[in-house]
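Novice: Sequence:
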Amino acid sequence: MASPIVDIHPHIISDDETRYPPAPLFGKRSDWSKERPTTVETLIASMDAAGVGKAAVVHSSTTYGFDNSYVVDSCARYADRLVAVGSVDVMQEDAPQRIREWVGRGLAGLRLFTGGSTKEFDPSELDDPRSFPAWELCAELGLPMCIQTGPVGLPQVTALAKRFPAVPIVLDHLGRPDVLDGAPYANAQSLFDLAPYENIFLKLTPRIFGDVKKEKASAETFFPRVVEAFGAKRMAWGSNFPTSQGTLQEILGTAQAGLACLSEEDRAWVFGKTAQSLYGALA
1 MASPIVDIHP HIISDDETRY PPAPLFGKRS DWSKERPTTV ETLIASMDAA
51 GVGKAAVVHS STTYGFDNSY VVDSCARYAD RLVAVGSVDV MQEDAPQRIR
101 EWVGRGLAGL RLFTGGSTKE FDPSELDDPR SFPAWELCAE LGLPMCIQTG
151 PVGLPQVTAL AKRFPAVPIV LDHLGRPDVL DGAPYANAQS LFDLAPYENI
201 FLKLTPRIFG DVKKEKASAE TFFPRVVEAF GAKRMAWGSN FPTSQGTLQE
251 ILGTAQAGLA CLSEEDRAWV FGKTAQSLYG ALA
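Counting in full-length UniProt numbering, the sequence shown runs from 1 upward without gaps.
Be careful, since some hints might not be right.
What the hints assert, rightly or not - Cut-off 35 Å, straight-line C-alpha distance, at most; resulting in silico cross-link-like pairs (DSBU-like, lysine-lysine):
# : residue 1 : residue 2
1 : K28       : K213
2 : K273      : K214
3 : K162      : K213
4 : K216      : K233
5 : K213      : K273
6 : K233      : K273
Simulated from the structure, these hints should not be mistaken for lab results.
Working from the sequences, and respecting the hints, build out all of it.
Specialist: In C-alpha cells:
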C-alpha cells in the first residue's frame, strides 16, 4: 500500500472567537486569517477532496500568539490524521514547563516564529542562551523544532544545529532562498551551506514552487540540486493552506508538477515519508 500524502504545513482558525480569542503575536493579526479562516472541519474536508491523508497542523502565531488551544484541541479530535505543532515563548524561564504542559495536551512539535507576513524577520532570539533550556527539552522529548526565518537567520540556524544535534530542525518555506539567478543558484548558497547538518530538514511550500517559475530559475534545475545536497529524506511538502491562495487540491497539484523531475522514491519521501519520520504519530 502506498504511503499517504502528508501535509506538513497547513493552518487552522476557529470560527468561535469566544472560546478561542485572537491574540496575535506582535499585536497585528495576519490578513489571511481574517480573509480565509479555515476551521479544522474545513481542513479535513479539503484534505479529503485533495487526497491528502494526514497533516502536521501548524499553529497560527499571527492569530493566537502562544495560545495553542485551538490547534491541540482540533488535532485531538482527528488524532488518526492530524498532529499539532505549536509555539511557546522560549525566552521565558517557564518555557520548559509550558512545553511539557502543551505536550501533555497533545503537542507533537514546536515552531519559532521570528517574522513573516506581519513583521520583519528578527533572528536575534534564535540562538539566545535564554532559549537553550527549551531546546534541551526538545532533545529530551524528541520534539522537532520548526523555524520561520529568512536567509538573515541562517547563521543562527547553523549554530543551533551544531549545539543541539539531537533536535530535528525543520526550516519553514525552505528558509526563503533567492533562486532567481538560476543554476547553479549562487544566491542561495547560504541554504546549501546547511546541508552538512543532518538534523536540518526543509519544508517545500508554495513560495518556492512560485519562485522557481521566475527569471532564470526552474524546477528542473533547482529541486534536483536540493535533493543532491540534502537528500529527499530531509525534504517535506507543506501546503501553507489557507495562507497561500488556492484550494488544497490546487496547491498540491502545483507541488506535484514542480517535483515531477524527481524520482518516484524521492517524491514518496517529500510527499509523506519524511513527515512521518519527523512526527511518528503520522506514520
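Novice: If a hint holds in the structure, say so; if it does not, say that too.
Specialist: Status of the hints after comparison with the structure:
1. K28 - K213: Since the Cα atoms of K28 and K213 sit roughly 31 Å apart, the hinted pair holds (cutoff 35 Å).
2. K273 - K214: holds (29 Å)
3. K162 - K213: This hinted pair holds, its Cα atoms lying about 34 Å apart.
4. K216 - K233: holds (27 Å)
5. K213 - K273: Distance ~26 Å between K213 and K273 Cα, so the pair holds.
6. K233 - K273: Measuring from Cα to Cα gives roughly 8 Å; hence the hint holds.
Consistency note: the structure conflicts with none of the earlier hints.
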